[in-house]
Structure formats: C-alpha cells, structure tokens
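Keeping the supplied structure of chain A fixed, place chain B upon it in accordance with the hints.
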Amino acid sequence: MEGSVFAEAIAGFETAVGRQWVYTSEEDVELYKDAYSPFWGEPEERLVSAAVAPESVEQVQQVLRVANAHRIPIYPISTGRNLGYGGSAPVYSGSVVLDLKRMNRILEVSERNASCLVEPGVSYFDLYRHIRERGLKLWIDCPDPGWGSLIGNALDHGNGYTMAPYRDHFGAHCGMEVVLANGELVRTGMGALPGAKTWQQSKYGFGPDIDGLFSQGNAGVVTKMGFWLMAEPEAYLSGTVQVYRHDDLAPLLDEFCALINSNGMTATTRLGSPLQLGRVFGIPPDPEHAALLDNPDVTPAELERYGMTHDLPYWTVDLKFYGGVEVVEAQWAHAVRRFTQKLPEARFSKGELVRFPLTDTQAAQVMDKASLGIPSLGAFFVGARSDANPVPSHGHFWLSPIIPLSAPDVLEAQKVFAQAFRDWGIRPLYRTLPQLYHPRAFYLLFGFALSEDAQTNRQTREIIRRMIKLAADHGWGEYRTAPAFMDDIMNVYSFNNHALLRLHERIKDAVDPNGILSAGRYGIWPKHLRKPAA
Amino acid sequence: MRILSGLLCALIGTSSQLAWSAESRSATGEQVFQHWCVACHGEGPDKPGTGALQAKYKGRLPALLEKRSDLTEQLVKFYVRHGVSVMPPFRKTEISDADLTALATYLAHAHQ
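Sequence lines, in order, name chains A and B.
Residue 128 in the working numbering sits at position 123 of the first sequence; the count goes up by one each step and never skips.
Residue 52 in the working numbering sits at position 49 of the second sequence; the count goes up by one each step and never skips.
Chain A with its partners taken away, still in its complex shape (with noise of 0.2 Å):
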C-alpha cells in the first residue's frame, strides 16, 4: 500500500473520531500487540500498524467508509482482553485495529424480561457492578475473565458457568446491531421492525437467522448485542458424586447423560479424578501418590488400590443446582437417587445451600465465583508465579478438543494424548479432566505457557499443529484458537473438499468485496489475500 493511501485514510479516521482518538506512534500501537502470542519477537509476530477507537456507532460507520475507500485492513475489538486467543492483535498483520473499548454503554437492562441491551466496550465487571449498585434480582454468567467483554467473548463462542441456557454466551444473546463493511447499519432479529418491543425478547424476527454469520467471521462490526439475563434464584446447592472404581466412569456418566438431558440438572459440571490429576490448585500429592502419578506404565487397579486406602475417588462429577430452596434440596435428592440406583457404592458430599441475594462481604468471600455469575480474574493464577510455580510464564494459550459425552471417548481421548505427550516429551502447563460447558459435548481443556526463547515456542506451536491433526483424526474439533491456529483448524473442517470454508468465502467476498475486515479471522480470508488450498 502507498503511504499516501495510508496517510489519507488517516486522516479520514482522524475526522471520523477525532485526532486523540487514532494511535499511530509507535508507542501506542505497541500495546495492541498480543501479549500472549505464541509468535512473541518473532518476525510472524501480528503487528499493528494504527489503532482508531471511536465513542458512537455512526463513528464506526465513518471510519469504515473510509477504510473500505481505501482498503484498509481493519481489524475490531471488543475489550481485546481474550487473552490466550489473540487478545487485541489482528490475524492479518498490520491491520488498523478498531478499537471499541470507549463503546462501554449499558444500554439496557430489564428486571422484568432478565435481559440487557450493550456496546461492545461492556466487560462482565462493568454489567456486574450496573446490578448491584441498582439492586436488580439479576445474574449474569461470566466467562473466566471478568474484564472479558459480553459481546466479544460471545462472538468468539465464549462459554460459562451457571446454567445451559445462559452459559452458551453466543446462544444466550438475542438481536444484533452490525455495521457492514461499507459502512450500512444492519439490525438483526426483532430489531429489523423499526420501533419493535421485543428485540431483546424474541430471537428470530422474521426470515433467515443470520447472525451465526457474525459470530467467529469477519463480515461485520457487531456494535450493540442483547442477552438474556438470569433472574436471581432464591438458592444454590451444590454436591460431588464420588466413585472410586476406574469402571464406574461408564454407568457415571450414562446416569450423568440421562439426568442433563431430562434437564435433572442444566448447570455446569467437570469430570474429575483426584487420583489421577492428584488434588488440583495447590497442594501435591504425597510421595506415594506422586510415584504412581509419574509412572507412565501405572494400572488403573493400581491407582484403585492407592485411592481406596486413602479415601481418594477415581471419578468424581460435581452436581448445582439453581432455583427455590425446596427445588433444589429436591433436585440434589433426586440426583442421589438416581446414581444410586446405578452404583451403590457411590459416597455423595453434599455442599452447604447458599441463599440470595448475597451481601457484598459475602460475594467477595465466595470462591467459586463464577458458578455464581461473580466475575473475577481468579483464572489467571494459571502460569503465575507460586511456591508450585517459582518461574512464571509470560502468558498461556489453549487448545480444547470437543469429544462426546462417553466413557470409552473419555478414555480413549485419555489415552491418545496422554500417549502423544509421552512421544513428544512435553507437559502441558495445565489439562483438565472433561469440562461440560456445552449440555451434550466434553471440552478438553490444554493450556501451553508462553516462554520468552523463540525456539521454545516454535516447538511448542509446533506441538499444537499435531494435536489439532491427531484430534481430527480421532473425530475430535477444536471451538476456538488463537490467530496462529485459525488456519490449521479450519483446514481440518474439510468434509466434501472444505465445503464449509468454500462457502464462508463466498460469503466473505459477497458481503466485504474490498476483503477489509477482519482478514484470516477463523481461518477466512478475502479473496486477494487467500491461499489455494492446501
């Protein structure tokens, strides 16, 4: 591009949003870097060569008017704090980031519908404090990261920890605002009725549901977002279920199946294995433990017999429930009921009931937050400095194979990276058992650290390349990755020739034909930057 071009769309921008507004020295575009890439001082490092940071959607629709005259790469963030998947850094380098951030209204927030109306500047925080200091009866669910931002982590199909319907963040929002490559301002759903009363209420208007097209795509500017909201329940229990034979995991989880999908319980779980992961944040396990843990060869029975002579489960799933006091003592007694019936030898904890509205103290004071909807920073004691972990990393990224709700796949995905990371002679910086964030699929969570040595995180990207292979050739998708990996992933959704990604591409180039926005996000790039398939 001529620097003439550049420096006119600058000044276009500099009109748009006024000249304080627009960042170009090198001072300041270099915190729009991403501060967890897997690329850091690398010459693939994502730079940004100017950030614009408009107040008003009529300044996005201007500076996209002038970024599509002159076809400007631009690149648009919400809060830019999804760390670990990009953060505020473009896929394409070089782009002019669109920054949102000063978009932080709260347009709406209804008590009698549980829903809300925001710009893309709104983290969980800022809606969480707009509650509490007016008192409202309501939660939301909150991703890990609180400075996270509602519209950004649902478009990138964030996920979190209350119950099904609210913690699908991009299947919990109801009507969109989009501003369009050439500068049009779209309303989806109800919100396409001038003066309608229920865009925040009914999803579907009338004729095609398209706004999928801008969740994880790049043919829009998503400038306002409606969510349903939970009304405050009156109480929450929560429970473990513990078993202690490595064959329990079957009829576990058929009875786990059976009770989420006669929505016996609709909130987050995690599978767990306290002897397989030992105890989990903090505190070891002891030297016997630590052996077997060490011992690639060990036996399920081995294991077995250490967790019953130290009262350690094999497999543990944690029960919540929301609602008035008499469901959920209810719902936890029909639960015990029903694993019962299938293992008689299961032991069940039961957690104290928590009654609402909490006060404050008693909010700061919770530890499970998020189950909750109170948002916190708490995840990022992953790769920080403790007495377990004396040399911090500078940063993480993840990698989250889905796999099916089963125990032979539990197990077999067990095996297959276990095996895989034996090959290749790596640890994870963090691995989880399977998280249910979605009702009828596990999430496998594996979190990398970010070193300050290039050749480190070349091996280590390297690593994600065939995990993202391996887990495809085992049925297994990934939902969402960091820029580095947009690329791989989507290569491997390639039924019928990467029918799908043919078809984002006609889109892209019908609905952006200058190719502007968002080049790469998701693996779909404008037609003048795209490379033939691989």
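Treat each hint with caution, since some may be false.
[Claimed, not checked] Simulated crosslink set (EDC-like; lysine to aspartate or glutamate; CA at most 20 Å straight-line):
#1 A:Lys38 to A:Glu50
#2 B:Lys80 to A:Glu31
#3 A:Lys374 to A:Asp323
#4 A:Lys38 to B:Asp100
#5 B:Lys59 to A:Glu457
#6 B:Lys80 to A:Glu32
[What the hints assert, rightly or not] Over the 10 Å line for every Cβ pair with chain A, so calculated as not near, a few chain B residues:
#7 Glu33
#8 Lys50
#9 Gly62
#10 Glu69
#11 Lys70
#12 Glu76
#13 Leu78
#14 Phe81
#15 Ser88
#16 Phe93
#17 Thr96
#18 His114
#19 Gln115
Hint data in this document are derived by calculation from the structure and do not stem from the laboratory.
Every residue, glycine too, gets a C-beta built ideally from N, C-alpha and C.
Positioned in the frame of chain A, the structure of chain B alone reads:
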C-alpha cells in the same frame, strides 16, 4: 475514562480550581485502582497478582500493592504499559495517560 470524566464533572461542579491538584489525582487514582487493578491485586485468596507477589517476596515486601512503600510513579507506569509475567499491558482506551498518572501517584503514596 468514565471514571475520570465523572470526577472532573463533579469537581467542575464545585470548584474548577480543584481540578488536578495533587489531592484530586490521588482520589481518582484510588478509583482507577479499584476499577482496573483490584481484581488481581486486591486482598483475598482469589487474587493472582497478590498471590504472585506473595510467592515472589515471601513477606520481604508486602504482597498488596497498596501497602508497598517502595513503588515509584515511574515503576507503576512502566508495569501498566508493559505488563509482566501473565499481566498484560493496558491500552490507553482502558487506562488513559491521565488515569495512569493518577494511579501512579496513588500507589506511590497509598501506604502512608
């Protein structure tokens, strides 16, 4: 930015002479700290920044930033704009230069 705007409006409403005296910067700095920093650097077991500093200094220096007597304004500004370990840098649309000055002044004197 909303914090700063709100405070400035309030100050102008009472006495424009007060704007950006050292006292007003310090008051705003505490608000900036509460808004942006306390979720990691506040008190409590779920604060990774406090946990990391406890692990680093093991009591030789306070784990809570507001209790540190060795923080200079320059040091605070450096870490906010450059990050350290898993703490990322903060952009100017998040913490403006004016907010950062207020925050730095606050943390340099909060222990007193």
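Hint by hint, here is what the structure shows:
Distance hint between Lys38 of chain A and Glu50 of chain A is fulfilled; the C-alpha atoms sit about 8 Å from each other, no more than 20 Å. For the hint linking Lys80 of chain B to Glu31 of chain A, the alpha-carbon distance of about 17 Å falls within 20 Å, and the restraint holds. Between Lys374 of chain A and Asp323 of chain A, the direct Cα distance comes to roughly 15 Å. Compliance with the 20 Å bound is thereby established for this hinted pair. Restraint check: the Cα-Cα separation between Lys38 of chain A and Asp100 of chain B comes to about 18 Å, which is no more than 20 Å; the hinted pair holds.
Restraint check: the Cα-Cα separation between Lys59 of chain B and Glu457 of chain A comes to about 19 Å, which is no more than 20 Å; the hinted pair holds. For the hint pairing Lys80 of chain B with Glu32 of chain A, the CA-to-CA distance comes to about 13 Å; that is within 20 Å, so the pair holds. Interface exclusion of Glu33 of chain B from chain A stands, the closest Cβ pair being 16 Å apart, more than 10 Å. Non-interface call for Lys50 of chain B relative to chain A: violated, since the shortest CB-CB distance, roughly 8 Å, does not exceed 10 Å.
Every CB of chain A is more than 10 Å from the CB of Gly62 of chain B (nearest about 12 Å), matching its label as outside the interface. Look at Glu69 of chain B: its CB is around 16 Å from the nearest CB on chain A, clear of 10 Å, so calling it non-interface holds up. Interface exclusion of Lys70 of chain B from chain A stands, the closest Cβ pair being 18 Å apart, more than 10 Å. Annotated as non-interface, Glu76 of chain B keeps its C-beta farther than 10 Å from every C-beta of chain A; the closest such distance is 17 Å.
A cut-off of 10 Å between C-beta atoms confirms that Leu78 of chain B is not in contact with chain A; the least separation is 18 Å. Taking the minimum C-beta to C-beta distance to chain A, about 12 Å, the non-interface status of Phe81 of chain B holds against the 10 Å cut. Residue placement check: Ser88 of chain B does not keep its beta carbon more than 10 Å from all beta carbons of chain A (closest about 4 Å). Annotated as non-interface, Phe93 of chain B brings its C-beta within 10 Å of a C-beta of chain A; the closest such distance is 7 Å.
A beta-carbon of chain A is positioned within 10 Å of the beta-carbon of Thr96 of chain B; the least distance is around 4 Å. Look at His114 of chain B: its CB is around 22 Å from the nearest CB on chain A, clear of 10 Å, so calling it non-interface holds up. With a least CB separation of 25 Å from chain A, Gln115 of chain B remains clear of the 10 Å interface cut-off, as annotated.
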